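Let the sequences and hints guide you as you build the complete structure.
Protein chains: 2
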Amino acid sequence: MNKNTKTSSAVIKRLPRYRRYLRDLQRKGVDKISSSEFSALIGYTASQIRQDLNNFGGFGQQGYGYNVNGLFNEISSILGLDRDYKMVIVGAGNLGQAIANYTYYYKAGFVVRGIFEVNPRLIGLKINDIEVMDYEGLDAYVKENKIDIGIICTTKDSAQDVADTLTAAGVKGIWNFAPVDLNLPPCVAIENVHLSDSLHSLAYHINHRDEVCEEFEDEGEAKQE
Amino acid sequence: MNKNTKTSSAVIKRLPRYRRYLRDLQRKGVDKISSSEFSALIGYTASQIRQDLNNFGGFGQQGYGYNVNGLFNEISSILGLDRDYKMVIVGAGNLGQAIANYTYYYKAGFVVRGIFEVNPRLIGLKINDIEVMDYEGLDAYVKENKIDIGIICTTKDSAQDVADTLTAAGVKGIWNFAPVDLNLPPCVAIENVHLSDSLHSLAYHINHRDEVCEEFEDEGEAKQE
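Residue numbers (the working numbering), protein chains in the order written: chain A, 1 to 225; chain B, 1 to 225.
Bear in mind the hints are in silico, worked out from the structure with no lab data behind them. Treat each hint with caution, since some may be false.
Identical chains share a label here; the pair holds if one copy fits it or two copies do between them.
No farther apart than 25 Å at their CA atoms in a straight line, the calculated lysine-lysine pairs in the BS3-like style are these [said to hold, decoys possible]: (1) K156 with K32; (2) K32 with K146; (3) K32 with K86; (4) K156 with K28; (5) K28 with K146; (6) K32 with K126; (7) K126 with K28; (8) K126 with K86; (9) K143 with K32.
All values reported here derive from a predicted model rather than from experimental measurement.
Below, the structure is given as structure tokens:
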């Protein structure tokens, strides 16, 4: 695996999906899978899969297909899932609490170490044994505990300030749930989960569904004739 | 606006973002914005913006730029945000409760009418006055109340069954938070929020950050020399 290869972000977005399907295969006790079966399962063409995996050296064997465990482990390692990440959540409202619970039950190397909040009514609460602390202490806590990831669950108006504090304190990545695009130094990785954007895209597709449905229904009628 | 134009899903993914920036401009009292200012703000090239908006008839005026209110309203209408959507949530665990709270405070035409759950300990609970009901009643409720959107906050193992029940009962779209890809009839719109995929992409970027940072630090040093 060549760590210096520039891999397109579209490929990187597909890797977690490959891993998800491989984990399902593992759980079903499948040891190997042909490239055409894998293609049918995941919904990408066999050539797309080959191309994607060639970015990392390729893992298929002609006439054999893919070794499920081997490929799962390789992709996990490419993604960096063979190590642990220390995280803090900023914002202990509904979303922050849900993310704290989510990662707690997820148990996969992503460990929330602290939750920070400005609202005094929430400070001192415990969410799955993780204490909600005063936002004032965020900078010192991140530095002392060498936190890797900051999770932003604040309002959009606070999000940039929080991001600035987190990056100045040395986090390597930010998982942003606030509905705003953050300005970050290039050395800080960012992933956004924009819930309202996703809901608005869904609304678009619902309202432009008719075209698809009419075509679908036309096809159905044509076949019946 | 031509409803039958086939618009690429990349453009549709960008529309909510345009709308978000336009709303910020509205709040700041900005009436019009030149295409170059809008480009600098949103981070797409002026030509990209023009191309995107031309899919819907184009809204800019040569030498004037964009009318903020006009463009905001048009995009809202293209997305279908000028009407209300009735929603149900399936799964009243942490994530389901967080989404119920999120949409409650969001107040923007997306109204959760009911929450459904199999766990008897959660049935009967109220989350912001919305009752958690027995999953057995989902089909009848969706039909009776003409629910538009089903939100799936269950485990991955239950998600496909829930999706089948929702689509058979007539929902027009599904907002899926379960970490699984659903098989749906073409007439049902789908938006996935795959939190674990997003976290795994973040891990990848953190682990491949070094390249970016080395380049960045090299540039910095070069400048200092």
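Status of the hints after comparison with the structure:
1. Only between protomers do K156 and K32 lie at most 25 Å apart by alpha-carbon distance; the minimum there is 23 Å, versus 46 Å within a single protomer.
2. For a Cα distance limit of 25 Å, the shortest separation of K32 from K146 qualifies neither inside one copy, at 40 Å, nor across copies, at 45 Å.
3. Proximity of K32 and K86 under a CA criterion of 25 Å is satisfied in neither setting, with 34 Å inside one chain copy and 44 Å between copies.
4. For a Cα distance limit of 25 Å, the shortest separation of K156 from K28 across copies, 15 Å, qualifies, whereas the shortest one inside one copy, 43 Å, does not.
5. Taking the shortest alpha-carbon separations for K28 and K146, neither the intra-copy value of 38 Å nor the inter-copy value of 38 Å comes in at or below 25 Å.
6. Proximity of K32 to K126 under the C-alpha cut-off of 25 Å is found in neither arrangement, the shortest distances being 45 Å within a copy and 47 Å between copies.
7. For the homomeric pair K126 and K28, neither the shortest alpha-carbon distance inside one copy (37 Å) nor that between copies (38 Å) is at most 25 Å.
8. Proximity of K126 and K86 under a CA criterion of 25 Å is satisfied intra-copy only: 18 Å inside one chain copy versus 34 Å between copies.
9. Proximity of K143 and K32 under a CA criterion of 25 Å is satisfied in neither setting, with 45 Å inside one chain copy and 44 Å between copies.
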